[in-house]
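Student: The residues making up each chain are set out below.
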Amino acid sequence: MTSLTNPRVPVLEVSDLAISYHDGGAYQEVVHGVSFRVEAGQVVALVGESGSGKTTTAQSIIGLLAANGRVDRGAIKLNGTDISRWSDKQLDTIRGASISLVPQDPGSSLNPVKTIGDQVGEILEIHGKLRGKDLERRVVALLDRVGLSEPEFRARQYPHELSGGMRQRVLIAIAITLKPQLIIADEPTSALDVTVQKRILDLIDELRREYGTAVLLVTHDLGIAADRADRVVVLQGGRVQEEGSAIDVLASPRSAYTRQLIADAPSLARSVTRAPATARLPDESAPADDIVVVEQLVQAFRRPGTGQPPLLAVDKVSFRVRRGTTHALVGESGSGKTTTIRAVVGFQRPTSGTIRVDGTDLANLNGEALRQFRRKIQLVYQNPYASLDPRQTVFGIIEEPLLNFGAVKRTERRAKVMSILGRVGLPEATALRRPHALSGGQRQRVAIARALILEPQVVVLDEAVSALDVTVQARILDLLDELQQDLGLTYLFVSHDLAVVRQIADTVSVLRGGRLVDGGPVAQVFEQPGSDYTRELINAIPGRNHPVFA
Amino acid sequence: MTSRYLLGRVGQALLVLWAAFTVSFVLLQAMPGDAILIKFQNPDLGLTAQQIAEIRASYGAEGPLWLQYIHSIGNFLTGNFGYSVQAGVPVSASLAAHLPVTLKLAMLGFLLASIFAVAIAFLSSLAPFAWLRSAIQSIPSLFISVPTFWLGIMLIQIFSFRLKLVPVINPDPWQEFILPVITLAVPISAPLAQVLVRNIDEVLTRPFVAVARAKGATRNRVLWRHVAKNALLPTLTIAGVLFGELIAGAVVTETVFGLNGIGGLTERAVGSQDAAVLQAIVVLSAAAFVIINLIVDLVFPILDPRLRTNPGAAA
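Chains as they are written, first to last, in UniProt numbering: chain A, 1 to 550; chain B, 1 to 315.
Read the hints as simulated data drawn from the structure, not as lab findings. This one's a predicted model, so the numbers in the text were calculated from it and none came from an experiment. Yeah, the Cβ is synthetic: ideal placement off N, Cα and C, and Gly gets one too. Mixed in with the good hints, there may be bad ones.
[What the hints assert, rightly or not] Ranges of calculated distance between the beta carbons of each label pair, as one might list FRET restraints:
1) D72(A) - L303(B): 39 to 49 Å
2) F153(A) - N260(B): 56 to 66 Å
3) G334(A) - A287(B): 39 to 49 Å
[To be verified] Non-contacting residues of chain B with respect to chain A, defined by C-beta distances greater than 12 Å in every case (computed):
4) R9
5) I115
6) P191
7) L298
Use the sequences and the hints to build the structure in full.
Tutor: The following block contains the structure:
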């Protein structure tokens with residue numbers, strides 16, 4: 001690691017940077033005097049939650065602030081030259097060549113109507129490096145370098161034909177093409193599955209070492225910062241809270257905010273704060289009271305016109321959930337976890353197998369009986385921004401299920417909504433607001449309140465905390481725990497995040513490609529994984545091997 | 001694209017044609033009176049009721065309605081569109097005489113409308129100042145609110161009579177089309193431009209644009225190499241739908257400029273209740289509409305790789 005006394009000029013030196021956004025009338029400052037530096041070959045993590053200004057800061061460095069943003073003061077020095085006031089024309093000469101970008105969402109970061117080869121080749125074309133056959137050969141070599149199989153074939157494919165991880169490899173290939181001195185990686189893996197995430201971060205690490213490129217890693221995940229960065233800059237509300245070597249910051253954080261972040265990060269949790277999951281399980285000898293029983297569930301989807309056999313999205317999956325406990329379904333995209341819960345809540349009929357909820361066999365339910373059954377089991381969705389009607393008030397959103405199920409007097413409805421608002425920790429004034437006036441965490445509380453108003457016995461949480469910042473996520477997990485203890489709820493918790501699962505679940509089923517590969521009490525699955533895949537998932541949790549947390 | 005998909009689309013197209021034929025047949029028959037009565041009942045001709053009945057029989061206008069329906073659908077299928085009562089010539093000859101004018105007008109009009117739309121959309125996106133941008137973006141609203149007949153008259157007033165740029169008396173075959181094509185293009189270009197402006201704005205916010213900028217691509221390059229195709233693709237679907245407006249616009253435009261096309265023919269046929277001619281025009285317009293939309297649907301997968309089914313590509 002390079003020390004601060006090194007006389008060499010740093011690759012990037014940001015000093016007293018202030019940025020504001022034009023919002024209707026006036027400019028509002030969102031980044032207030034941020035300073036940090038990145039030495040050659042270093043990885044510096046810019047860590048913070050949404051609204052911390054980390055992405056805005058990163059965008060300003062490469063001159064890609066949104067049209068309504070501007071740099072108010074301060075300097076962005078690239079190799080000693082201040083580029084903060086450069087025109088687009090000047091910046092075009094260094095973008096791609098000296099600074100490059102690995103974006104957040106590989107799904108939408110490639111042009112859907114151009115081939116992979118064209119998009120990688122474009123950077124060589126723009127900077128006039130190569131053309132014709134040489135360019136094509138270089139593109140194939142780059143795709144090969146970032147670990148894509150059959151690179152010649154990939155070069156002719158379009159983005160939609162590649163998986164998320166493969167697309168991120170393509171974007172990394174673009175970023176390293178001209179061997180820039182600095183790569184800005186803006187949440188490069190937050191949209192990817194955890195095992196893919198690890199492989200992508202390994203690749204960035206490897207290329208950094210090979211090319212000696214410095215990396216500014218923008219992330220909300222302290223675990224990733226702990227694993228990958230030499231230095232960590234913690235941002236909150238547009239200000240640097242703390243800066244230092246990764247080990248110092250994580251082992252002995254100086255600011256209260258950093259301490260909070262570390263405490264709330266599930267992947268860094270040194271000890272499980274909650275009562276040990278297994279302790280709350282009833283004795284093995286006690287009569288089993290399984291509220292959800294899934295046996296040999298199969299869900300097949302026909303693929304007309306392709307001549308292929310039906311797709312087995314879920315293939316003979318069985319699990320049981322005891323009343324009052326939390327069962328987690330864990331798996332990556334395509335593992336069948338969402339399909340499984342859709343069958344459990346009665347949205348779709350299983351191809352075969354049985355599902356019993358509180359003694360009722362779902363196969364026997366139709367029409368009105370099925371509708372009444374939904375009182376017992378409620379869903380909370382992943383995205384708190386999309387799952388609430390933007391035109392209804394919070395009161396209306398929470399009240400609606402009551403209107404759907406029988407006549408409840410207006411005064412009684414009001415009392416119920418207000419009491420549930422209190423339960424989920426929202427002030428009464430929230431009732432008259434609309435979703436857009438609430439934060440992500442508040443919205444998810446509203447979604448939980450809506451699920452609870454019918455006093456269900458089972459709540460299905462479909463990635464319900466995945467879209468939230470760690471500190472918000474920790475508060476929602478606390479709330480869920482409290483509600484479970486007070487109301488005796490049973491949770492079916494769907495997640496791709498094993499670290500969160502370890503915190504909240506009592507039992508777990510690990511799914512892969514529609515099959516159950518592992519299952520049992522959480523502690524047992526973590527300590528003695530029953531499959532290689534589970535082991536791979538556990539190893540991919542960022543931060544877990546960091547000396548500070550080991 | 002499978003051949004099954006292709007067959008399905010062609011089948012749908014035929015169904016639409018049949019429906020257009022049937023609906024127009026029923027509507028035309030439901031009108032009181034017909035072209036034969038209008039032409040031959042004139043007292044000056046002094047025809048007896050029996051003579052008129054014979055004429056009716058010779059046109060196939062007698063007999064039960066369902067028989068006439070079967071008869072004329074059979075004729076249409078064999079390419080026989082019947083006789084125009086008013087003009088006394090086969091409908092097909094009448095169409096052949098008037099169609100080229102309308103075809104030329106419609107095609108040139110659509111071409112010019114596309115040019116207008118693309119110019120408005122891309123100029124507004126390249127405009128260096130906010131005021132210029134909003135000025136350019138307000139053009140479509142202006143275009144869409146101008147009535148075709150008024151625009152035609154204004155264009156003649158200004159360019160022919162005041163500025164004397166385009167002759168109205170004995171123009172050559174191309175000069176004759178200049179003002180009508182502009183008149184037709186203006187209202188068609190407006191919705192195209194509006195959709196295109198919105199699409200460009202939307203595509204500009206997508207992350208792949210930032211990635212292209214991060215490669216060092218200039219604003220112009222991003223606009224032409226990355227944004228243009230993504231923004232134009234969805235516009236193609238409404239271009240197919242706008243064809244209907246194009247036909248309607250052509251009728252008014254031909255009337256204003258005295259062009260002897262399908263528009264003029266339609267106008268006269270309506271006046272004299274010339275059912276055979278109207279029937280043929282309805283079916284012809286429906287056919288053109290269906291074919292244009294069929295082409296749009298079939299061309300789409302060629303332009304947009306995401307719509308190509310490519311087995312094995314997901315490997």
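Student: State for each hint whether it applies.
Tutor: Status of each hint after checking the structure:
In this structure, D72(A) and L303(B) meet the distance hint of 39 to 49 Å, their C-beta atoms being roughly 44 Å apart. For F153(A) and N260(B), the Cβ-Cβ distance of about 58 Å falls inside the hinted range of 56 to 66 Å, so the restraint holds. In this structure the supplied range 39 to 49 Å holds for G334(A) paired with A287(B), their Cβ-Cβ distance being about 46 Å. Every CB of chain A lies more than 12 Å from the CB of R9(B), the least distance being 15 Å, so the non-interface label holds.
Here I115(B) stays apart from chain A, with its beta-carbon at least about 22 Å from theirs, past the 12 Å limit. With a least beta-carbon separation of about 23 Å from chain A, P191(B) lies farther than 12 Å from that chain, consistent with its non-interface assignment. Against chain A, the non-interface label of L298(B) holds: every CB pair exceeds 12 Å, the least being about 17 Å.
Checked against the numbered hints above, the structure breaks none of them.
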